[in-house]
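Visitor: Next come the chains, spelled out residue by residue.
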Amino acid sequence: DQQVKQNSPSLSVQEGRISILNCDYTNSMFDYFLWYKKYPAEGPTFLISISSIKDKNEDGRFTVFLNKSAKHLSLHIVPSQPGDSAVYFCAATWGSSNTGKLIFGQGTTLQVKP
Amino acid sequence: DAGVTQSPTHLIKTRGQQVTLRCSPKSGHDTVSWYQQALGQGPQFIFQYYEEEERQRGNFPDRFSGHQFPNYSSELNVNALLLGDSALYLCASSLVAGGFTDTQYFGPGTRLTVL
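If you read the protein sequences in the order shown, they are chains A and B. Going by the working numbering, the first residue of the first sequence is number 1, and it counts up by one from there. Going by the working numbering, the first residue of the second sequence is number 1001, and it counts up by one from there.
To be clear, the hints were calculated from the coordinates, so they are not data collected in a lab. For glycine and all other residues, C-beta sits at the position ideal for the given N, C-alpha and C.
Derived list of chain A stretches under chain B, where covered just means 3 residues or more per stretch with a C-beta under 8 Å from a C-beta of chain B:
#: 1; segment: 38-47
#: 2; segment: 102-109
Keeping only pairs whose Cα atoms sit at most 30 Å apart, straight-line, the calculated DSSO-like set for lysine-lysine is:
#: 3; chain 1: A; residue 1: K54; chain 2: B; residue 2: K1026
#: 4; chain 1: B; residue 1: K1026; chain 2: B; residue 2: K1013
#: 5; chain 1: B; residue 1: K1026; chain 2: A; residue 2: K37
Kindly generate the complete structure, drawing on both the sequences and the hints.
Guide: Structure below.
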């Protein structure tokens, strides 16, 4: 049972344009969501997070939007840079899980072309 | 500031063997979580260690066990290896505050291949 889904395995965008990565979830108990970026031969790197009490969180070029009614979140990268090319994972957890156990999606490979 | 470190980087074992993977958390962190990432999949939670005890466990068999030492470093042990155990094993460290686990930071992983 895949509770967190990233339905697009890959995405290709031109440098300077917007990248939009999408994530859907099924478990309504999730109340905290994170995005991680992973380069080959490295571990996932934390990018940005959002609590379910918010619908938007911004950090520099990265913005995460949360639509609770649709159980959908998205990561916007503006402007996209070639160094952003990596695998992006969406993850979710819930407050009653005091361990912060993360449930990950399958990942989306982003390629930013110069 | 040293981040999360894992050893070894790569490991090749045969079916039925046992393996031990090691993790040192980021400075100041007291909690270690282990994840298994199969090819083309997202990481899956194995278990978490805090105060030298297993705090929560994911859907993994008892062949997977762990340990946390007083210096917060941790080991993941897998017995009776199966071909399906071939994966990237990721360690993540974090800090428990107010009983809850803060943001997890990942190490580079150990690539285990079972032949």
